[in-house]
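*Asks:* If you read the sequences in order, they're chains A and B. Numbering of the first sequence is given in my numbering, commencing with residue 521 and proceeding in unit increments. Numbering of the second sequence is given in my numbering, commencing with residue 12 and proceeding in unit increments.
Hints in this document: simulated from the structure, not taken from any laboratory. Quick caveat, the model's predicted, so the values are computed rather than measured. Even for Gly, the Cβ is constructed at its ideal location relative to N, Cα and C. There's no promise every hint is true.
Taking CB as the label site, the calculated pair distances span [stated by the list, open to error]:
id : chain 1 : residue 1 : chain 2 : residue 2 : range
1  : A       : N908      : B       : Q319      : 42 to 52 Å
2  : A       : D623      : B       : D133      : 42 to 52 Å
3  : B       : I450      : A       : K858      : 43 to 53 Å
4  : B       : D133      : A       : N894      : 45 to 55 Å
5  : A       : P915      : B       : E376      : 15 to 25 Å
6  : B       : E212      : A       : R591      : 43 to 53 Å
7  : B       : Q319      : A       : P915      : 52 to 62 Å
8  : A       : E559      : B       : P38       : 41 to 51 Å
9  : B       : D133      : A       : N908      : 53 to 63 Å
10 : B       : E212      : A       : I761      : 35 to 45 Å
From the structure, some residues in chain B lie toward chain A, with a derived Cβ separation under 7 Å [what the hints assert, rightly or not]:
id : residue
11 : L45
12 : C54
13 : D56
14 : C117
15 : H327
16 : L331
17 : L333
18 : N338
19 : F339
Single-letter residue listing:
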Amino acid sequence: MKKNANLACEFIGIKSINPFWLASAPPTDKAYNVIRAFEAGWGGVVWKTLGEDPAPINVSSRYGVHYGQNRQVVGFNNIELITDRPLQINLDEITQVKKDWPDRVIIVSLMVPCEEEAWKNILPLVEATGADGIELNFGCPHGMPERGMGAAVGQVPEYIEMVTRWCKQYCSLPVIVKLTPNITDVRKPAEAAWRGGADAVSLINTINSITSVNLETMSPEPSVDGKGTHGGYCGSAVKPIALSMVSEIARNPETATLPISGIGGISNWRDAAEFISLGASNVQVCTAAMLYGFKIIDDLCDGLSDWMEKKGYQNISDFSRMAIPNTTDWKHLNMNYKRIAHINQDACIQCGRCFAACEDTSHQAILKTGDIGNREYTVIDEECVGCNLCEITCPEPNAIVMKDIDTGQPHLSWLHHPANPYREKP
Amino acid sequence: MSMTQDIKSNRLPNSEIFDNFSDMTPPLTEKQVLVASERCLFCYDAPCIDACPTDIDIPLFIRKINTGNNHGAAKEILSANILGGSCARVCPTETLCEQACVRNTCEEAPVEIGRLQRYAVDRLDKSLPYPFTRENDTGKHVAIVGAGPAGLSCAHQLARNGHQVTIFEAAEKSGGLNEYGIAQYKLVDDYSQKEIEFVLEIGGIEIKYCQALGRDISLAQLREQHDAVFIAIGMSDVNALNIPGEELAGVEDAVSYIRDLRQEDNLANLPVGRRVIVIGAGMTAIDIAVQSKKLGAEQVSIVYRRAQSSMGASEHEQELALKNGVNFICNAQPKQILGDKSGITEMQFCRTELNSSGKLITTDEVISIECDVVFKAIGQKFEDSPLGGGEKPHLDNRGRLAVNENYQTSLNGVFAGGDCINGKDLVVEAVDHGNKAAIAIHQQLSKNTAPKTQL
């Protein structure tokens with residue numbers, strides 16, 4: 521296994537050989553998988569959520585998928601519950617694996633009823649395993665909330681604060697609170713965790729979803745004997761939502777120093793770098809590993825390390841939160857900034873996608889001239905509002921580039937814009 | 012073909028011949044279809060549509076395939092081209108839609124339009140209603156001569172418009188070149204006949220077989236008894252070499268050999284020469300050369316009087332021949348064929364070259380190639396004698412039927428299309444002629460006044 525020295529990092533006092541942990545999920549359900557992950561090079565795992573005995577029982581047919589055009593998995597969801605193995609087996613395995621792999625991180629995910637006794641009982645057992653920390657599963661959106669756990673806790677900031685406080689009280693391990701995205705304002709539960717004494721938050725957990733309906737049986741997928749339920753959505757489709765939520769917490773003055781473990785559709789090193797730049801100190805991966813196996817860690821490490829090398833970043837912390845100052849509210853954006861599209865005729869393959877998009881749905885800013893075979897699409901500069909749609913639809917990289925136009929005008933935000941009747945007077 | 016010299020049947024075991032003549036381009040699998048259809052960019056004003064003589068909305072049908080709407084894709088294709096299934100198999104897509112595909116520009120590989128089209132048409136859902144409806148009977152009756160691609164597409168379109176159609180077909184089966192002329196491995200499993208059954212399902216079309224124009228029926232008679240006539244009789248004559256020895260046994264017309272081949276149930280029965288020479292440079296030359304090879308000929312040479320770059324057959328077709336072990340000899344002009352009653356032994360050619368003004372001239376150099384069979388594949392021509400002695404439609408400068416933009420000949424109410432008028436001699440083009448002629452005929456019959464011919 522290759523080692524990339526610059527990837528070693530520390531998260532809430534826990535040292536890790538790289539910033540890539542496997543999120544609490546089937547890949548971290550038992551020693552066999554976790555050992556394979558460590559052999560492949562993963563820096564740590566968040567062991568799949570432990571609960572009180574008797575362990576829950578899972579149904580058959582557990583995942584539903586949202587495919588792209590060519591069967592590429594855009595996202596999928598699951599209706600699995602927390603570990604379905606007895607508590608002691610998990611505790612024994614955690615103890616052994618941690619002993620055998622001292623340089624790797626093991627965080628134990630926990631979910632027990634919202635009662636002080638329940639937490640008080642389980643915490644010492646977990647601490648005794650030698651695990652590096654605990655993660656409170658307040659996010660699971662299916663099954664467990666019906667029993668008063670998971671997202672049922674995560675959606676009530678007062679419960680988050682209370683349970684976090686119990687954990688800090690009955691256990692000396694660092695506490696990470698895993699947040700659910702199935703709420704209106706993610707800053708509130710993060711603030712609650714902070715008040716409760718959490719060392720960090722991790723987000724996002726999966727999103728309430730129905731991936732598809734089987735039109736033959738009229739059952740949502742995944743279908744269990746003809747019936748389905750909403751499950752937790754994950755995979756690269758959720759990345760934009762997760763990025764935004766991570767940035768919200770990082771930007772919030774109340775939680776600006778709260779460490780974040782970023783989760784949500786991270787599939788490659790670039791995704792990881794984006795999460796870190798928007799506030800995460802490390803990242804957790806699940807779906808990409810479930811789709812491709814543990815070997816993807818090689819690209820994650822290699823890609824991130826080489827990129828850091830090129831950029832001159834010595835450590836993860838060197839670029840952590842670097843995009844935060846550039847993440848702002850709409851009202852602060854410069855209304856005098858102008859960019860327009862430019863079509864590079866040498867790279868254009870004349871598919872006309874930009875034209876269809878702009879003509880039918882945007883600003884009629886693309887001109888079509890010439891006959892088939894000699895078609896030329898050009899931007900009508902005066903009509904282009906710089907929306908990027910043509911660049912987005914273009915199948916050829918570099919055929920359409922957005923170019924900055926120097927308007928010669930100073931920065932002007934909506935707050936001070938003459939068209940704003942409520943503008944702030946200088 | 013007579014069994015002279017080294018000409019015999021059963022050159023290869025039955026099983027090998029069976030394999031050789033199986034589907035050359037097998038259907039795409041469901042997974043391949045996903046990959047292939049996803050590559051379509053759904054171009055605006057797509058160049059592939061423009062390149063298709065029948066204007067099939069290719070991006071739309073491919074999108075429908077990609078969403079699992081195969082029946083919708085099939086309807087999209089068939090509404091533009093009722094023979095979309097055979098066109099998907101026999102079209103030289105590399106020179107038509109696929110050549111125009113924008114994916115060629117940066118990736119050097121077009122979307123596999125032909126194979127996707129085949130996939131879609133094969134998945135027309137027979138449990139759903141027939142995708143076309145017939146208008147109320149107009150009481151008009153149109154005669155169509157020839158049940159090839161042009162005749163069939165014209166018939167289907169007219170039938171949809173509520174006209175009664177009778178097709179007079181000289182052969183025992185309908186389909187024209189799809190049945191009698193296309194290389195076997197491009198159109199397997201009696202596909203042409205199945206397709207025609209589908210065409211006829213519209214109703215209102217009757218086919219009369221073994222009815223040859225000029226023999227069993229006359230143009231005058233047809234005009235008298237019908238409201239309009241569409242002539243789609245193709246080309247029934249072949250060009251001659253006009254060299255000594257052409258009359259010898261073993262000198263064969265490629266078109267008629269392919270015709271026999273297409274109707275032969277046991278291909279091993281066909282007589283095959285050991286050493287075969289094919290004269291020509293078009294699709295027929297490639298077809299007969301490849302099929303000879305597949306039947307077990309040891310040595311097959313396509314001999315062409317000009318440079319290989321001037322060949323009419325596409326590069327794709329030439330590659331197919333090369334892959335099948337066919338040899339190309341270029342710049343060789345037929346001089347004479349030697350032999351006697353027992354068959355032919357060799358053919359002589361004069362070397363050619365381009366003179367300083369770019370004209371092809373023969374040199375003194377003579378080359379001899381030993382052979383048992385010579386196939387002539389130097390083009391077909393329109394035979395006008397079936398048109399009869401009375402009032403005849405005008406011919407164009409290539410000796411084919413002259414038509415205006417409405418596919419009407421110089422005779423009122425007489426239209427023509429397919430290979431018997433000037434064109435590229437493609438199935439898909441014939442379908443287009445049939446479609447457009449049908450529209451013109453329908454307009455004329457609806458108005459009930461004949462437009463003036465513009466010739």
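*Asks:* Which numbered conditions among the earlier hints are violated in the structure presented, ordered from lowest to highest?
*Replies:* 2, 4, 5, 6, 7, 9, 10, 15, 16, 17, 18, 19
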